[in-house]
Amino acid sequence: MKNIKEKIIEVKNLKKNFKISKRMNGLPGHIANLFKPKYEVKEAVKGIDFEIYEGECVGFIGANGAGKSTTIKMLSGILYPDSGCINVMGFEPHKDRKKYVANIGVVFGQKSQLSWDLPVIDSFELLKNIYKIPSDVYKKNLDEFMELLDMSNFINQPVRQLSLGQRMRADIAASLLHSPKLVFFDEPTIGLDVVAKEKIREFVRYMNKEKKVTFIFTTHDMQDIAKTCERIIIIDKGSKMYDGSVKELVDKYGGSVKLAIEIKDVLVDEEYIKLLKQSLENQFIDCEFTIEDKKNNIVEIMFENKTLSSVQVTTFLAEKFTLKDFRISDIDIEEIVRKIYEGGITL
Amino acid sequence: MKAFMAYLKIAFKSNTIYRVDFLFSIIGTCVNIFIYCAIWKALYGDNISVNSVSYEMVTTNFILSLAMSSVFSTNDFVIQQKLWDGSISTDMVRPIDLRVSILARDLGNIFFKLITHFILSVIISVIFIGMLPPKSFVCLLLYVIGMILGFCVLWALSVIVQMSAFWIINVWSISTIKNVVVNVLSGIMIPLWFLPDTLKNIISFTPFESIYYIPVNIYLGKITGGEIFHAYFKQLLWFAVLFYIGNVMWNKGKRRIFVQGG
Amino acid sequence: MEKTYNAFSLFLCYSKITIKSWFQYKVDACMRSLAVFFREATGVIVIYLTMLTFDEINGWNTNELLLLFSFVYVTYGILIVFFTGLRDFEFLVNTGQFDRFLLRPRGALFQVIASNSDWFAAIGHGALGICLFIFSANNVQIVWNFWNIIYCISSIIGGVFIQAAIFLVVASLSFFFIKTGSIRELLYWNTRKFANYPISIFPKFVKIFMTYIIPFAFVNYFPATYLLDKDSGEFLGKTFCYITPVIGIVMFGAAYLFWNYSLKRYKSTGN
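Residue numbers (our numbering), protein chains in the order written: chain A, 2 to 348; chain B, 198 to 459; chain C, 61 to 331.
Here chain A stands alone, though its shape is the one from the complex:
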């Protein structure tokens, strides 16, 4: 029963370079810098394409410096792209900036847009004026967010007195007061505790499902992605690495098993790990094992379960080593992404 969804964002061959001044050392270098600075060109985004449809919730992930912030900034009209085209809701963000940004909302997890010394409600009133939000819409949205984000007990408190979680919720409400159709969240859960994170995820799910707001979400917390997004785009070194559903990624690359064992009686050290690895590899030839010391005598063993069943491995280990306890789990999205960053998985 799905409607044919409309394209909301279209990005083609998007590129952005930065010039970085290169500093030389030593006194002669300093003097040389003063008169003839040298620059180095860094390709922050090198030709990205993607499309996003109305009502989607897309996770946008990548390591620090991968180019995701730059991409978000170009999508939201802050930065001029060097080449390529961006079309969001029929606008070219950097060209029709004023008209365009009235339709989007942006939340930066690390930069609040609220006035530090004033009650939250004062900042909201200012935003009402800036966005020229009609009073009835403003009131309706405000009431709704008050309830959804549970803001009623701190709306009249100065921002400097709020907890990080409260401030973040107020910031999110601030960015959505003008009912944007498209919302960019740049690390909205950074530094929050589990409860606060969950509240925000719930809000995103609600706005996405019920209000049909399109979300683009950058985060380092894979739980955010797992709990809110259906689709992820992974960016690394300025290029797109993966673009598809979260489920597919897990199915395709998550075919490994993680086995956590706790060793009894012996102290686990480097030697022990080496020994463990060797004996596993001797037993199961042609299989690859990644072994990690998790401290407190707990060792994590990862292996592909296409050729090898976890029963075989566990039985072997139980025979050869003194196990106190063991636990088997599938590799989750967090692990996959970590491995992608580390170069363990090539997409």
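It should be emphasised that the hints constitute simulated quantities derived from the structure, not laboratory data. Remember, it's a predicted structure, so these values are computed and weren't measured experimentally. Even glycine gets a Cβ: it sits at the ideal position worked out from N, Cα and C. There's no promise every hint is true.
Claimed, not checked - DSBU-like cross-link-like pairs, simulated, lysine-lysine; straight-line CA separation at most 30 Å:
#, chain 1, residue 1, chain 2, residue 2
1, C, Lys-86, B, Lys-375
2, A, Lys-43, C, Lys-327
3, C, Lys-76, A, Lys-140
4, A, Lys-340, A, Lys-16
5, C, Lys-324, A, Lys-100
6, C, Lys-327, A, Lys-47
7, A, Lys-99, A, Lys-141
8, A, Lys-238, C, Lys-324
9, A, Lys-99, C, Lys-76
10, C, Lys-76, A, Lys-112
11, C, Lys-253, B, Lys-397
12, C, Lys-86, B, Lys-451
13, A, Lys-47, A, Lys-8
14, B, Lys-238, C, Lys-253
15, C, Lys-324, A, Lys-112
16, B, Lys-279, A, Lys-112
17, C, Lys-290, B, Lys-238
18, C, Lys-63, A, Lys-99
19, C, Lys-63, A, Lys-141
20, A, Lys-112, C, Lys-80
21, C, Lys-327, A, Lys-96
22, C, Lys-253, A, Lys-133
23, C, Lys-324, A, Lys-140
24, A, Lys-129, C, Lys-324
25, C, Lys-63, A, Lys-140
Unchecked claim - Derived list of chain C stretches under chain B, where covered just means 3 residues or more per stretch with a C-beta under 8 Å from a C-beta of chain B:
#, region
26, 85-95
27, 101-108
28, 114-124
29, 230-242
30, 251-262
As the list claims (entries may be wrong) - Negatives, chain A to chain C, calculated, CB over 12 Å:
#, residue
31, Gly-106
32, Met-242
33, Asp-287
With chain A's structure known, arrange chains B and C on it following the hints.
Below, chains B and C alone, put in the same frame as chain A:
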């Protein structure tokens, strides 16, 4: 002592990083000197000496006191900053007294500026404006001593301003007012020779003339013989008094941190 | 019309916010105004003390000098109501707050200007400037007529725009350089120090600099010489006294073009 030297080194090094700022602050000092000298040249007109002060003495006063004031940098906001970001609690548990580390940092800045700002701006001024040589070589040495004592007085004043951060949110206003008073009453903006006698008498009961006016007068040979020791004594006395006040504030203020910290 | 109304209402809304947050720290706010007043009054006090010994400086007496001063204060008082945002623009860029302005459906420059008005310092400067102006104009016995008053008002507006243009150029440079404090120091504050005195006392290169390069002389020197009916000096023609508003508008227009050009090269701060 080792920690002291380490702080000093850091301050010295960080000064070399901001090359452009360095350049502009020298330009700023020279521009200031230039403006005052130009004004006083116009004021003097064809007169050779006014109130038995020659034009050259006026320019020498401006060059020396402005160059000194560009060197005597104290950061009035150290404690305030530390209270804001909470790093004061780590400083309290360090083996080195916070005030010693502040002094070390200030001295690091001073050594850097002394061999750059002071010497450069004096040289530039001598080339373009010209100034009187010290009355004698001994005068020059005595001047250096007076200058060090003058800095001590200014530093103790700055410590008082810094300590007030324990009681008020922002020391900017107090710091600004302090700078204004220092600038006017210590002879940077107007040579104290030209002030009316009543005002001069009042100023002689304040710590301000100890900062720049006394060293400059020693350099010019206007204070001689036993008067010099009298002047040194005055500087030392003011340093002791101001330092004592700062000390009392520090001991009281310290307690307030622990109260706040709960 | 509606556009102007909207802009004005946003400006008021921002000012309300600024004043409200200042009043969170009432004592501090009052002390700041006081400190600004004192700091600025120093120049006046020094002039007064100096003039106790000397009667005149290059043909300017105390009252005339104070009139010259008053133009600087009055224009600066107005300037920081409207253009504090430009003065402190470097801070907006370096903390990433400028990004936020770009994400809002209003003109970027307008928001920078509207979001920051230093009303308290403006009161300090403005009060000092107006007092000095009235005091000195009264003492030198300027005969007021319709044209004089129009002249004063237009010169003050022109003077505000000249300084705003300098701020705007320096602000635009923030798109290229991380630190612009020293450039502003050189282009604005150092130049202003010269402007506190009649430029006729300075060597020729300063006169040329103050007239043609950073035309601060148009902020106070030329208007003051006109009002006092003084000779503005060797090579400086009489016409210079009339063109302050023109200079202000032309400079600000040029600075605005430069701003627009620079904005395209904006590199938002990375994390």
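Hints, verified against the model:
| no. | hint | result |
| --- | --- | --- |
| 1 | C:Lys-86 - B:Lys-375 | 21 Å, holds |
| 2 | A:Lys-43 - C:Lys-327 | 13 Å, holds |
| 3 | C:Lys-76 - A:Lys-140 | 21 Å, holds |
| 4 | A:Lys-340 - A:Lys-16 | 26 Å, holds |
| 5 | C:Lys-324 - A:Lys-100 | 17 Å, holds |
| 6 | C:Lys-327 - A:Lys-47 | 17 Å, holds |
| 7 | A:Lys-99 - A:Lys-141 | 24 Å, holds |
| 8 | A:Lys-238 - C:Lys-324 | 24 Å, holds |
| 9 | A:Lys-99 - C:Lys-76 | 24 Å, holds |
| 10 | C:Lys-76 - A:Lys-112 | 22 Å, holds |
| 11 | C:Lys-253 - B:Lys-397 | 26 Å, holds |
| 12 | C:Lys-86 - B:Lys-451 | 25 Å, holds |
| 13 | A:Lys-47 - A:Lys-8 | 23 Å, holds |
| 14 | B:Lys-238 - C:Lys-253 | 16 Å, holds |
| 15 | C:Lys-324 - A:Lys-112 | 23 Å, holds |
| 16 | B:Lys-279 - A:Lys-112 | 22 Å, holds |
| 17 | C:Lys-290 - B:Lys-238 | 21 Å, holds |
| 18 | C:Lys-63 - A:Lys-99 | 14 Å, holds |
| 19 | C:Lys-63 - A:Lys-141 | 26 Å, holds |
| 20 | A:Lys-112 - C:Lys-80 | 21 Å, holds |
| 21 | C:Lys-327 - A:Lys-96 | 16 Å, holds |
| 22 | C:Lys-253 - A:Lys-133 | 43 Å, violated |
| 23 | C:Lys-324 - A:Lys-140 | 37 Å, violated |
| 24 | A:Lys-129 - C:Lys-324 | 28 Å, holds |
| 25 | C:Lys-63 - A:Lys-140 | 24 Å, holds |
| 26 | 85-95 | holds (count 7) |
| 27 | 101-108 | holds (count 3) |
| 28 | 114-124 | holds (count 3) |
| 29 | 230-242 | holds (count 3) |
| 30 | 251-262 | holds (count 5) |
| 31 | Gly-106 | 8 Å, violated |
| 32 | Met-242 | 20 Å, holds |
| 33 | Asp-287 | 43 Å, holds |
Checked against the numbered hints listed earlier, the structure breaks hints 22, 23 and 31; every other hint is satisfied.
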